[in-house]
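A.B. asks: Here's the letter readout for the chains.
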Amino acid sequence: MSGYLESVLVLLAINVILAYAAFLPMVAGQLNLGVAAFVAIGAYSAGYCSNSFSLHPVSAALAGSAVAGTIGWLVAFPILRTRGIYLALATFALNQVVQGTILNLDVVGGASGYPVPAHIGFPVVAAFSLAVIVLVFLVFRTRFGISVTAVSDDERAADLMGLSVRGLQSAAFTAGAALAGLAGALYAHHFNYIEAQNYGVLFSIYIVLYVLLGGTQTVFGPLLGAAVFTLLPELLRGSAAWRYVIFACLIIAIMSLRPQGVILKRSWFSR
Amino acid sequence: MLEQQLVNGLMLGSVYALVAVAFTLAIGVLNFLNFSIPGLFMVAGMLTWFLLRAGVPWPIAALLAVASGGLLSLVVERFTYRLMSRSAHFVPLVTSMAFLILFENLVLVIWGSDMQRVPLPFETVSWRLGSTVIAVPQLVGLACAVLAVTFLDVLLKRTRIGRGLRTIAEDPETAAMLGVAVGRVVPVVFLAGGLFTALSGFLFAINYQQASPFMGEEIALKGISAMVVGGMGNIWGAILGGLLIGVVETFAIQGFGARAVDICVYGLLLAILFVRPTGLLGGVIRQQRM
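Chains A and Y supply the protein sequences, listed in that same order. Going by this note's numbering, the letters in the first sequence line up with residues 132 to 402, in that order. Going by this note's numbering, the letters in the second sequence line up with residues 285 to 574, in that order.
The shape of chain A in the complex, shown without the other chains (with noise of 0.2 Å):
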C-alpha cells in the first residue's frame, strides 16, 4: 500500500473515532465543542506513557484514552449542571482552558510541540477504529442506546420514565471524551508528533460539523460524515482553503434542505 494511501485511510479511521466521539455527547443533547480537548489530553498523556515509561505504544494509547475519560468523568459534573446554549460555552471555554495549560507545561514541549517516537502502524489504528464502530452499533442496540435518545427526545418524559437522566448524559459524555482521548492517542503515535496549536475550538467546530453533516439520528450518520469529511478534500486535490469553502457550502446546503443530516431515521436503510 501507498505511503500516500494509507495515511489517508489512517486519517479516515482516527476522525470516525473522532466522530463517534461527538456524537455520543450529542445525541444525549450536549453540544460538546470542547473534543478537541479530550483529543489533546488523550494525545498527551498518552505520548508521555509512551515516552517516559516507555509504555507499549497500544497499552499508553488506551491509558490516553482513560485519562481522556476520567478527566472527562470528572469534569461532567460541573458541566452539565449548565444545559443547552451555555453547555456549549461551557465545553469550548474548556477547551481553551486545556490548550492553554498544555501550551504552559513544559514537561511535554509547551507551545514547541511534542515528538512521540513510539509507531503505531496503520493495522492496529484500523483495528481500534473498526472496533469503536462495532461497540457504538453494539451499544445503540442495548437498553443504554435507547434510554441515551430517550433522554434527548424529552428529558422530562426520560426523567419520569424511571431513568437516570443525570447519570445518562454523564455517561455519554465521559464515553465521548474516552474516545476523544483514544482517537488523539492513536493519532499521536501514528504521526509521532503531536502540537497543542492544533487542538483549538475550531477543530472540535469541525468535529460537531461533520457529524451533525451526517446527521444524528442513526449511528450510521457520524460515519458517513467522516467518510465524505475525509475523502471529499482528497478527491478534490485544490488549495487546501477551496475544499473548507466546498465544505462549508455543502454543510450550509444541507442545512437548509434536510437539516437533521444526511442519514435519516427511516431513509433508505429501514425502508
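Hints are computed from structural coordinates only; laboratory data are not their basis. Watch out, some of these pointers could steer you wrong.
One side only, chain Y facing chain A, incomplete, derived with CB under 8 Å [unchecked claim]: (1) L317; (2) T379; (3) A382; (4) I508; (5) I547; (6) F558.
Simulated restraints on C-beta separations [what the hints assert, rightly or not]: (7) P403(Y) <-> L367(A): 34 to 44 Å; (8) L363(A) <-> F558(Y): 36 to 46 Å; (9) L367(A) <-> R401(Y): 31 to 41 Å; (10) M285(Y) <-> D290(A): 49 to 59 Å; (11) S243(A) <-> E407(Y): 38 to 48 Å; (12) S138(A) <-> R401(Y): 35 to 45 Å; (13) V340(Y) <-> C380(A): 21 to 31 Å; (14) F208(A) <-> M461(Y): 39 to 49 Å; (15) A371(A) <-> Q494(Y): 14 to 24 Å; (16) E457(Y) <-> C380(A): 27 to 37 Å; (17) E137(A) <-> P341(Y): 54 to 64 Å; (18) A288(A) <-> E454(Y): 21 to 31 Å; (19) Q494(Y) <-> Q328(A): 14 to 24 Å; (20) R442(Y) <-> V139(A): 56 to 66 Å.
Model, not experiment: these values are computed from the prediction. In this text, a Cβ means the ideal position worked out from N, Cα and C, and glycines have one as well.
Since the structure of chain A is already known, use the hints to place chain Y on it.
C.D. replies: Relative to the frame of chain A, chain Y by itself:
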C-alpha cells in the same frame, strides 16, 4: 505603569465589547449563538487593510468595511434564523459555524494566509496624562463603542422596532400572533450585529495595524467570554464584560506572561458559567433553547 496597563486594557476591551454586543443581541433576542460573527469581524478587518493599501481615503474605507459586515450578516440571516422555525434547534448554530469557515477560507483563497500590515491613514496622535499615554484613535474607538450602544439602547427601549424585538425575545410565536412582523424585524438584529462587529473589526485593524484571515477567532472568542461575563442578552453587560476581559487580559500578560492569558480569561469564563451563569448584570435565565 498601572494606569498605562489599565488604559491599554480598556482600549482592547472596547474592541471586545462591540463584538460582545453583537453576540448578546443575537442571544438576547433570538436565543441564537451566532458563530459567523468572528468571520464578519475578520472580513471587515481584511477589507480595511485591502482598501487602505489600495489608497482609498480612510472614511470611505471605513464605510465600506462596516457596510460589508451588515450585508454579509443579512446573508447569514437568510440561512440561519429564517430556517430556525422549521428545523432542529441546533441548525442555526451549525450553519453559522459553516459561515465562519466559509468566510475564513474564502479570504484565504483571495488574500492568502499572511498577517498583513495595515497602513495608518492618519498620523497617530496621543495625549499624555502624567506618564500615561492615550492614543487618540483608540479613544475615538471607545467613544464609538459607547455611542453605538447608547443608540442601540434607545432603539430597543423607545422605538416600535425595539418593542417588536423585545416581544420576540419574550416569545416569538406570541409576538407573531400579536402582529409583530417577525420576518421583517429579525433582520434588524442581524444588521445591527453585523454593523457592530464590522465596526469593531475596522477599529481593531486601525488601532493595532494588523489584519489576518484568523484575526476573528481570537477576538470573537474573547467577545463571547465578555458577553457571558456581563450577562447574556444584556447590552450594557456586554460593554462591562468586554472592558473587564480587556483589563484582565492586559494584567494577565503583565503578571503571568502572554501564554497564561487564555487560561486566565477562559478560566474566568468557566468559573462564571458554573457559579453565576447569568453573569454580572444578567437577570433570571429563561429556559434556554439552542
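A.B. asks: So which of those numbered hints doesn't the model satisfy?
C.D. replies: Every hint satisfied by this model.
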